[in-house]
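J.: Single-letter residue listing:
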Amino acid sequence: MSQQILSDSDVRGEEKQNARTRATAWKIPLMVGLMLSFVLWAHFASGVRVFHSESTSESGWEKFRADYGIAYFGQDGQFVRAVQNGYNLVNYTHKYAARFTRKTAADRVNSCASCHTPEDLAYGFVNSDRVDPKLGRRISFEDRVRWCYANGMDGFVPTIYDPAVRDIRLLARAVAHHLQLTEGALRSKN
Amino acid sequence: MSTVARKLLSIVLLVLVLAGIYALATQKHKQREDIRQATVKLTPGCAEKLSRYGLVRNERYRSPYVLQRTGTAVSLRGYSDEDVRAIQRGCNIIDDTQGKLARDPALERWNTTRFIRGSHASCDHCHQGIGDKQDAHGNPLKGSLSLGASWVMADMYDRFTGMLLPFELRQMQCFINSSNGYKPNIADDVLRDVTAYSRFLSAALALKIGKHYDEQGIDEIPASATPKQGDDYVRGEFLYKEKCQVCHGRQAFGLEANGQLVAPALAGPNAWNTQSRNYFYYVSTILPGFICRNMPLGAENTLSNQECRDIAYYISNLPRPAGDRQGPIIALQHQALMTFMPPLMRLMESPRKGGVAADPAPERDK
Numbered sequence: 059m060s061q062q063i064l065s066d067s068d069v070r071g072e073e074k075q076n077a078r079t080r081a082t083a084w085k086i087p088l089m090v091g092l093m094l095s096f097v098l099w100a101h102f103a104s105g106v107r108v109f110h111s112e113s114t115s116e117s118g119w120e121k122f123r124a125d126y127g128i129a130y131f132g133q134d135g136q137f138v139r140a141v142q143n144g145y146n147l148v149n150y151t152h153k154y155a156a157r158f159t160r161k162t163a164a165d166r167v168n169s170c171a172s173c174h175t176p177e178d179l180a181y182g183f184v185n186s187d188r189v190d191p192k193l194g195r196r197i198s199f200e201d202r203v204r205w206c207y208a209n210g211m212d213g214f215v216p217t218i219y220d221p222a223v224r225d226i227r228l229l230a231r232a233v234a235h236h237l238q239l240t241e242g243a244l245r246s247k248n
Numbered sequence: 014m015s016t017v018a019r020k021l022l023s024i025v026l027l028v029l030v031l032a033g034i035y036a037l038a039t040q041k042h043k044q045r046e047d048i049r050q051a052t053v054k055l056t057p058g059c060a061e062k063l064s065r066y067g068l069v070r071n072e073r074y075r076s077p078y079v080l081q082r083t084g085t086a087v088s089l090r091g092y093s094d095e096d097v098r099a100i101q102r103g104c105n106i107i108d109d110t111q112g113k114l115a116r117d118p119a120l121e122r123w124n125t126t127r128f129i130r131g132s133h134a135s136c137d138h139c140h141q142g143i144g145d146k147q148d149a150h151g152n153p154l155k156g157s158l159s160l161g162a163s164w165v166m167a168d169m170y171d172r173f174t175g176m177l178l179p180f181e182l183r184q185m186q187c188f189i190n191s192s193n194g195y196k197p198n199i200a201d202d203v204l205r206d207v208t209a210y211s212r213f214l215s216a217a218l219a220l221k222i223g224k225h226y227d228e229q230g231i232d233e234i235p236a237s238a239t240p241k242q243g244d245d246y247v248r249g250e251f252l253y254k255e256k257c258q259v260c261h262g263r264q265a266f267g268l269e270a271n272g273q274l275v276a277p278a279l280a281g282p283n284a285w286n287t288q289s290r291n292y293f294y295y296v297s298t299i300l301p302g303f304i305c306r307n308m309p310l311g312a313e314n315t316l317s318n319q320e321c322r323d324i325a326y327y328i329s330n331l332p333r334p335a336g337d338r339q340g341p342i343i344a345l346q347h348q349a350l351m352t353f354m355p356p357l358m359r360l361m362e363s364p365r366k367g368g369v370a371a372d373p374a375p376e377r378d379k
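Those sequence lines, one after another, are chains W and S.
Note that the numbering used here has the first sequence beginning at 59, numbered continuously upward.
Note that the numbering used here has the second sequence beginning at 14, numbered continuously upward.
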């Protein structure tokens, strides 16, 4: 009798299990499919920069690359991509550092390039880390960039580690290399 | 006590605690500002070096070194009083990281020892010549880890971390691994002063940004640069005892005399850890390169590539601290090795003292 009752319960349990398995069987491939689609979308179609390490080639980059001998650091590579991102940040700040500026495409002054040439940045870089008499403390190149975001760009202060700061420093370094600058080099007046 | 009174008391206590923290922070900030403004007492090495490079407060800086070597005076941006002091402090930190020459190490060296475990590590042990090693004629030496040359090549892709490594982060790695210690904040005065000194060196030597110089980093020695005999522990031990033991001690734990460090530890608790690039099993080309170009002091470049690899291999097999990322079990294992191996080794070697060989090195020399 008890055996009969147990087997009935077993049968019912098994049926329940089978029904549950049937009900959830489609979920696994769906989840895998969703994850796969997200990865493919993020990598190929999203355009969101955190998902890929390539920099978008903006207009003027090839000329900049040729003018400042960026090929010295290789045709491609981490450093070259960072410099390219630096180029984008400097010339299209409203687009590439939208988090740190309130400026838009409609503004007349909406990028670092509106005020600074690449040479300015290079000379600024080799003359950084000095005491600013106005502020009474040593100011690094990164501090200056962050200050520009907050004031010149009417925006917000990135952290010192942010690529929006770092890649501008790397751009300045690459240009300083092209100009063969030494630490503390002064710009000739002519 | 009523509930209201209790609540009021809690609020007052909280405000008092916060005010105390604020007062403490303000006092610490003031103390740091006072140090920044204080006159720097230079170590003898720094006094000589900075005077040779003509570091003074001025609107323009003209390096005597560049003038002497090229015959042309190059005018660069000069240094303010505060810039000069930062450079001087940076030089002191490189030359005397532990503050053994300072009257008050906590004040004069920004208490740099808080980032170091052990009592031996000093930047100058690897970055010899206070980060600017030169021969008798003033020529920078290949593979001498020049700080000025490192500054101009900073921010490049680093194959060990897989990132574009800024100068400050590289310094942090030195503290964590080579000094087996802790990471300073990127804005810490220690890092900023060392950067200021390194940048000054690059100005004094007229090094161009982004250009690779022979004195930058290590002249690495891969196995392919040897006759491919294989790196040999026994050969390494023999060479160590012949060439290195006299300064670094029998078990490579370093030598101290009268409270002064004679030579730093290459193994044991005062040495670099197993995540340092000096560790042969992590990077097999760096320590041999350092040995060949920088050791033994006064007789650099006298060892063959294979000899340097053998010594590096031997040294790296001696017990040393585990790296921070290796977890407590490995750390415990290394701690046990460092504790029990030295007495065991002494015990094993002791019977030979009265018998065949008091010192194994001369015996093997025959």
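There could be a bad hint or two in this list.
[Unchecked claim] Derived pair list, reagent style BS3-like, types lysine-lysine, alpha-carbon separation capped at 27 Å:
1. S/Lys43 x S/Lys241
2. S/Lys241 x S/Lys113
3. S/Lys241 x S/Lys221
4. S/Lys221 x W/Lys121
5. S/Lys54 x S/Lys43
6. S/Lys54 x S/Lys113
7. S/Lys256 x S/Lys155
8. S/Lys43 x W/Lys121
9. S/Lys155 x S/Lys43
10. S/Lys43 x W/Lys192
11. S/Lys221 x S/Lys155
12. S/Lys113 x W/Lys192
In short, the hints are calculated from the structure, not lab data.
J.: Against each hint, give a clear statement of whether it holds in the structure.
T.: Hints, verified against the model:
For the hint linking S/Lys43 to S/Lys241, the alpha-carbon distance of about 59 Å lies beyond 27 Å, and the restraint is violated. Restraint check for S/Lys241 and S/Lys113: the C-alpha separation of about 43 Å exceeds 27 Å, so the hint is violated. About 37 Å separates the Cα atoms of S/Lys241 and S/Lys221, which puts this hinted pair outside 27 Å; it is violated. With a C-alpha separation of about 24 Å, the suggested pairing of S/Lys221 with W/Lys121 holds against the 27 Å cut-off.
Under the criterion of a C-alpha separation no larger than 27 Å, the hint pairing S/Lys54 with S/Lys43 is consistent with the structure, at around 20 Å. Under the criterion of a C-alpha separation no larger than 27 Å, the hint pairing S/Lys54 with S/Lys113 is consistent with the structure, at around 13 Å. Distance restraint check for S/Lys256 and S/Lys155: the Cα-Cα separation of roughly 21 Å lies within the 27 Å cut-off, and the hinted pair is therefore satisfied. With a C-alpha separation of about 50 Å, the suggested pair S/Lys43 and W/Lys121 falls outside the 27 Å cut-off, and the hint is violated.
For the hint linking S/Lys155 to S/Lys43, the alpha-carbon distance of about 43 Å lies beyond 27 Å, and the restraint is violated. Between S/Lys43 and W/Lys192 the CA atoms are separated by roughly 19 Å; this keeps the pair inside 27 Å, and the hint holds. Among the hinted pairs, S/Lys221 with S/Lys155 is consistent with the structure: their alpha-carbon atoms are about 17 Å apart, no more than 27 Å. Proximity of S/Lys113 to W/Lys192 is assessed by CA-CA distance (about 36 Å); at most 27 Å being required, the pair is judged violated.
Violation of the numbered hints given earlier is confined to hints 1, 2, 3, 8, 9 and 12; the remaining hints are satisfied by the structure.
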